[in-house]
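Quick note, the sequences are listed as chains A, B, C, D, E and F, same order.
Residues in the first sequence are numbered from 707 upward in steps of one, following this note's numbering.
Residues in the second sequence are numbered from 707 upward in steps of one, following this note's numbering.
Residues in the third sequence are numbered from 707 upward in steps of one, following this note's numbering.
Residues in the fourth sequence are numbered from 707 upward in steps of one, following this note's numbering.
Residues in the fifth sequence are numbered from 707 upward in steps of one, following this note's numbering.
Residues in the sixth sequence are numbered from 707 upward in steps of one, following this note's numbering.
Simulated from the structure, these hints should not be mistaken for lab results.
Errors might be hidden in some of the hints.
Intra- or inter-copy, both count: the list cannot distinguish identical chains.
[As the list claims (entries may be wrong)] For lysine-lysine, the following BS3-like pairs were computed, each having C-alpha atoms within a straight-line distance of at most 27 angstroms:
no. : residue 1 : residue 2
1   : 905       : 922
2   : 905       : 709
3   : 862       : 905
4   : 709       : 862
5   : 709       : 922
6 protein chains.
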Amino acid sequence: MEKIATGISGFDLISEGGLPRGRATLISGTAGSAKTVFACQFLAEGILRHQQPGVFITFEESPHDVRMNMQGFGWEIEAWEQSQQWLFVDASPAVDDEPIESGDYDLGGLLSRIEYAVTRIGAKRVAIDSLSGIFAQFHNPQMIRQALFRVIHTFKALGVTTVITSERVEENGSLSRYGIEEFVADNVVLLRNVLEMEKRRRTIEILKLRGTSHQKGEFPFTITSNNGIIVLPLSAMELRQRSSNAR
Amino acid sequence: MEKIATGISGFDLISEGGLPRGRATLISGTAGSAKTVFACQFLAEGILRHQQPGVFITFEESPHDVRMNMQGFGWEIEAWEQSQQWLFVDASPAVDDEPIESGDYDLGGLLSRIEYAVTRIGAKRVAIDSLSGIFAQFHNPQMIRQALFRVIHTFKALGVTTVITSERVEENGSLSRYGIEEFVADNVVLLRNVLEMEKRRRTIEILKLRGTSHQKGEFPFTITSNNGIIVLPLSAMELRQRSSNAR
Amino acid sequence: MEKIATGISGFDLISEGGLPRGRATLISGTAGSAKTVFACQFLAEGILRHQQPGVFITFEESPHDVRMNMQGFGWEIEAWEQSQQWLFVDASPAVDDEPIESGDYDLGGLLSRIEYAVTRIGAKRVAIDSLSGIFAQFHNPQMIRQALFRVIHTFKALGVTTVITSERVEENGSLSRYGIEEFVADNVVLLRNVLEMEKRRRTIEILKLRGTSHQKGEFPFTITSNNGIIVLPLSAMELRQRSSNAR
Amino acid sequence: MEKIATGISGFDLISEGGLPRGRATLISGTAGSAKTVFACQFLAEGILRHQQPGVFITFEESPHDVRMNMQGFGWEIEAWEQSQQWLFVDASPAVDDEPIESGDYDLGGLLSRIEYAVTRIGAKRVAIDSLSGIFAQFHNPQMIRQALFRVIHTFKALGVTTVITSERVEENGSLSRYGIEEFVADNVVLLRNVLEMEKRRRTIEILKLRGTSHQKGEFPFTITSNNGIIVLPLSAMELRQRSSNAR
Amino acid sequence: MEKIATGISGFDLISEGGLPRGRATLISGTAGSAKTVFACQFLAEGILRHQQPGVFITFEESPHDVRMNMQGFGWEIEAWEQSQQWLFVDASPAVDDEPIESGDYDLGGLLSRIEYAVTRIGAKRVAIDSLSGIFAQFHNPQMIRQALFRVIHTFKALGVTTVITSERVEENGSLSRYGIEEFVADNVVLLRNVLEMEKRRRTIEILKLRGTSHQKGEFPFTITSNNGIIVLPLSAMELRQRSSNAR
Amino acid sequence: MEKIATGISGFDLISEGGLPRGRATLISGTAGSAKTVFACQFLAEGILRHQQPGVFITFEESPHDVRMNMQGFGWEIEAWEQSQQWLFVDASPAVDDEPIESGDYDLGGLLSRIEYAVTRIGAKRVAIDSLSGIFAQFHNPQMIRQALFRVIHTFKALGVTTVITSERVEENGSLSRYGIEEFVADNVVLLRNVLEMEKRRRTIEILKLRGTSHQKGEFPFTITSNNGIIVLPLSAMELRQRSSNAR
Ligand SMILES: Nc1ncnc2c1ncn2[C@@H]1O[C@H](COP(=O)(O)OP(=O)(O)OP(=O)(O)O)[C@@H](O)[C@H]1O
Ligand SMILES: Nc1ncnc2c1ncn2[C@@H]1O[C@H](COP(=O)(O)OP(=O)(O)OP(=O)(O)O)[C@@H](O)[C@H]1O
Ligand SMILES: Nc1ncnc2c1ncn2[C@@H]1O[C@H](COP(=O)(O)OP(=O)(O)OP(=O)(O)O)[C@@H](O)[C@H]1O
Ligand SMILES: Nc1ncnc2c1ncn2[C@@H]1O[C@H](COP(=O)(O)OP(=O)(O)OP(=O)(O)O)[C@@H](O)[C@H]1O
Ligand SMILES: Nc1ncnc2c1ncn2[C@@H]1O[C@H](COP(=O)(O)OP(=O)(O)OP(=O)(O)O)[C@@H](O)[C@H]1O
Ligand SMILES: Nc1ncnc2c1ncn2[C@@H]1O[C@H](COP(=O)(O)OP(=O)(O)OP(=O)(O)O)[C@@H](O)[C@H]1O
Ligand SMILES: [Mg+2]
Ligand SMILES: [Mg+2]
Ligand SMILES: [Mg+2]
Ligand SMILES: [Mg+2]
Ligand SMILES: [Mg+2]
Ligand SMILES: [Mg+2]
């Protein structure tokens, strides 16, 4: 199983090389857990260090907002767009749209737009943020399963390495909104943002990477303006020991 | 990411400057958690210290009741209305209205009224209290997602900075009534009012501010007639230490 | 915010003056938590000490049963009825009634009867016990929200001070049966009756009083034949300390 | 509030005189918690010590089975039937009956049969065991509320003192199957049968008696062939103290 | 209440004589909790030590599989079938059957087959394993109640002593799949298979025997090839004491 | 009950010989719990050490992906396919398929393809991974029960030994997605992947093997590239003791 470096400091260590090339990885987390930052950083690193153009499909935030939100990390998305290294597919609902009836969602149309975008800039990395929005239109669990299957299959056929963000309603309980997503995806990463003693603590965990080994368990991470996500490739327990030894 | 001061003592510190300018922030909390006080104080401070007129869209309490309830804090809303600094949009149900059938809610009509109000007084700050009422009319989670998306988009287009209050049924569990609101909003603030050992304790937490850093975790706050909400920009733990050191 | 004395010993202290005049207060509690006693005592005190006639709208217990149940406290409702100080509006289901289809409930008819009753005796205090019965007829949460809104609005227009009892299914979890009532009401009081170590312990808590301050947290209360509800305006913790100091 | 002795040893003490005369008391408990034993003992004592005939309406067990099951306690129901002191109303489903469609249940027909039975032997005590069976036929919570209301009203009109058994699915959680029964009934008694450290422990608690005082909290009870239910009018805590003092 | 020996070592002690003659006993437990072993052992003992033929109605496992699975205990079912002491009623779904629409299940047909089988070999003991399969076809709780009622009634009319196995989804929570079965049955036995500290521990408990006394609480049991189920008629606590005294 | 060696180190010990020959065993676990690895290893060992060809029916992963994912363990599936020792039945949804309406799933067609495949290579071992996908198409629990029944029956008729993987949504709670699967299957194995103190720990447990004994409780296991799954046939508790004795 070949892997490609994400450039997310520490993550390439715990994943023993990065994300499996040519496959899709689900990034599941609650609101504000850094799903979008992870997705953008994955594309940014492709551009900055590997000459790999990236496509970003956005369902909730407008391209304008994504550009703005990522400036804080020094990622000049607009410049990359001009140099054909970054392409947005804007799948956010048009504001005057009539609400779409369940089941009528034109998934085929969306996938065509994505394929076109990937081909146009020769993208090697794709991020889709977040699919949960369109799943709300499928009442039937079977339809959600098939839609996710079809999306993932399209990316595999394109040969791109993909991250798909996924909404998780509560830190405890089901890993994903519908309890299906984590079974269909080849790879699952969990971003946690847990309240402990009135403080929030962020951790990242690789739940599964089909067909390859990886480090198990939760690892603490922080977000800084200079570096985006930084994973500490030590478990919190080891950290505590180190700091107590240091004293 | 530019921020505007809320004037809520302590909150501008933990948010590292206030609320993101031109965006909407969700204020989620249980009944009596001070959502309405927060929303009014945000507008009041705009008027009192920044010459920024404000529009207050009310769904549950009548304008008359809001005026009365805020007198306790010395905010003379009626005077501000006369000087065109405060404008109410009264979206509370007309009492003789037939119950509205699900899905028929005229969201477009409401948004037009809001746009008109914002333009009329040149509002820079908007508060909407609370959207949960109209969401009850949409059975479909997808329709709730789209309605909230559309409301937020309208405010962004108007260039105003907005707070949207949101009902939370229990202090534990889902952050919002429908488990969707916190994903759609750019910014989320939680107001808690927890029963501990027969005492209530109020805390505020910034759960997420897309595109910018902020302090993490819960901070205690109180409500006083002189100052409205006062956030203590120390965690409860730090507080306890200080007071034990003081002895 | 003007308040009127309830005459419930200790409650006027923790509410810093009683219930907000001209508004409705929700009294929420499990079965047997003393909701009806609270409601009757509120009316009784109006009659006994303030020359304020009262209207009691009953949905479950018949007027005859309420009269009988309150004799234990020495409240001679029948005498008050004769002197036009107390008026029952009997909204309990007629026994031979066909079950009412959902949504067909004639809320307007009920409100007219109440308005008529209030005007007829010049009532200043109203109690409605309990609304949960009629809510069962509205499947739709939006219809419950509107019905409660409309009831409360009617009382406000009449200028009376009102208590509305509300069924709570479990001591833990949601504050009200439908998770909506506590958001619509201006004021919320919780009556608890908790099993601790095989003993029941009654407490009262003011969860919110919009627009005014009040004491926070739970206070123990008892019911005695002489005085009805007696609230101890000390927290249980303070009580324990006092009794241990006393030794 | 006049009460009538149940003859259940200890219960008349904790209820301060027995069950309220002319009213209905709900006996709620899980499977095997002694609901039927309580109901029969209430009737048996009326016959044995107060010359009060009783009517037993049975929904699940056949009259033949009830007779047999109660022989273990020495209650000779068959003899009492012959002397017109005990009358069964057999409301158990006829075995060849087509399943009854929801809502079509002929509640009026059942109530007529009960009225006839009560009049025929001049019954003073009635037991109905258990209503939960017929409630299963009403999907609508409002219909359950009305059905229970109507049943209770019929008994009140007849002037009889009634116990109504009610199924509770789990020892924790809701007091009754539908979360409605305990609000409609005037009086509620809970029978518990809790597993603690691999042993079962039976307790009885009076949750509410409208209009009258009673002892609060749980009291242990046992079932013996000689005496049926025997309540120990001491809390378990007092018991433990007594037995440790005794040593 | 006459009882018949089950021959299950220890169980006849805690049930004070075995299962009530002529009645049905529900055996409820999770998957693999030994329901089928209990049912077969009950029939086997009738044949081996009491000259009582038995009928086994099987819904999930084929007769062939039951024969094979019970050989491990030395029960030669095939031989007993040839000597007319054991008769299978095979109610397992025919594999080519169209899925049966809800409500159309021919319960009457099944009961006729059972009656015929019982009469044919003069069966005194019957086991039905497990009814949960057919209940899945009744959406309506009322229909489940009636179906179980009808099944039990049929067995009573036949004068046979019956065990009915019943699926329980989780070790905690509801005693039965639908929360109804344990109320309709005269007698309920629980088989538990609990995970404690990474070990499974099996216990048996008699939850209720209508009309007769029995030992309360959980008793540990094991399954051995020589003896099938062996109940230790000591509580786990007593066991621990004994073994610590023994040291 | 004859058993066949799985070749999974340690598992044949705790199962006292392997999986029951000619029967189907359910392998239930959360996402990433090693269900697919277990299924493949079971087939691989048949090929490598017992000259038993195997059929692998895949519902989610494509044959291509399974081949690739198992290369990490040195299992050269492609070579085995060429030598007719391994045959894939690809039941993954065709990407352009219209979503299948509930109930229309052609189970018969699938079973024919499986029978054909088994016969063609003379398979002795079959793996089906995972059935949960097709169950999503049956709303009705009864239809799920029948579909699983029919699948298992087909395998029994073919005389093959089968493992069926099954999705489990959460580590706690129901053993299977629908709460039905574990009752229909003859044998159930649980794969757990529990988060404890920020570390993941894998365990395997045999929940039931109908008709035969086996070791009870959870056993730790690891996955290594050299050996696939390796079960430690000591309980975690014994392990801890050993390692503390070793010091
Ligand atoms: N420049 C920055 N410096 C530090 N932290 C930042 C910065 N920008 C964002 N963050 C942090 O990242 C969080 C937002 O992360 P992100 O938008 O990726 O979350 P998300 O999981 O995508 O949430 P959602 O479900 O709302 O889309 C912010 O709440 C903030 O805490
Ligand atoms: N003048 C005041 N002085 C002190 N505390 C006050 C004052 N006015 C209001 N409060 C406090 O604020 C609470 C009400 O806050 P607010 O109405 O903002 O809550 P909310 O979250 O909007 O509730 P709801 O969901 O009911 O709208 C009151 O219950 C009271 O405790
Ligand atoms: N005269 C009395 N003396 C002492 N306690 C009494 C007296 N009358 C009633 N009580 C207590 O009050 C309780 C009933 O209170 P009340 O009827 O107000 O409860 P509630 O909350 O209205 O219940 P429900 O939901 O059933 O209407 C009784 O169970 C009893 O414990
Ligand atoms: N003669 C007796 N001696 C001692 N205990 C007995 C005797 N008869 C019954 N019991 C006990 O009473 C229990 C049954 O009580 P009962 O039938 O009243 O329960 P229930 O609450 O009505 O249950 P269900 O919901 O099944 O109707 C038996 O399980 C047994 O423990
Ligand atoms: N010969 C035997 N020796 C020892 N234990 C055995 C033997 N046969 C079966 N068992 C044990 O009994 C268990 C199966 O019991 P049984 O089939 O009665 O359970 P069940 O409750 O009927 O399960 P299900 O719900 O799947 O039908 C096996 O998992 C095994 O642990
Ligand atoms: N070559 C390998 N070396 C070590 N570990 C591996 C290797 N290949 C896979 N794994 C481990 O096995 C896990 C995947 O196991 P598997 O695909 O069997 O799980 P599963 O239960 O089938 O999951 P799903 O429900 O997603 O199908 C990976 O997440 C990884 O931890
Ligand atoms: Mg995001
Ligand atoms: Mg408010
Ligand atoms: Mg009441
Ligand atoms: Mg009973
Ligand atoms: Mg079985
Ligand atoms: Mg798998």
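Cross-check of the supplied hints:
1. 905 <-> 922: Both: 24 angstroms inside a chain and 7 angstroms across chains, each within 27 angstroms.
2. 905 <-> 709: For residue 905 and residue 709, only the inter-copy Cα distance (23 angstroms) is at most 27 angstroms; the intra-copy one is 35 angstroms.
3. 862 <-> 905: Classified as neither; 40 angstroms inside a copy, 31 angstroms across copies.
4. 709 <-> 862: within (14 angstroms within a copy, 40 angstroms between copies)
5. 709 <-> 922: within (17 angstroms within a copy, 34 angstroms between copies)
Taken one by one, the earlier hints fail for this structure only at number 3.
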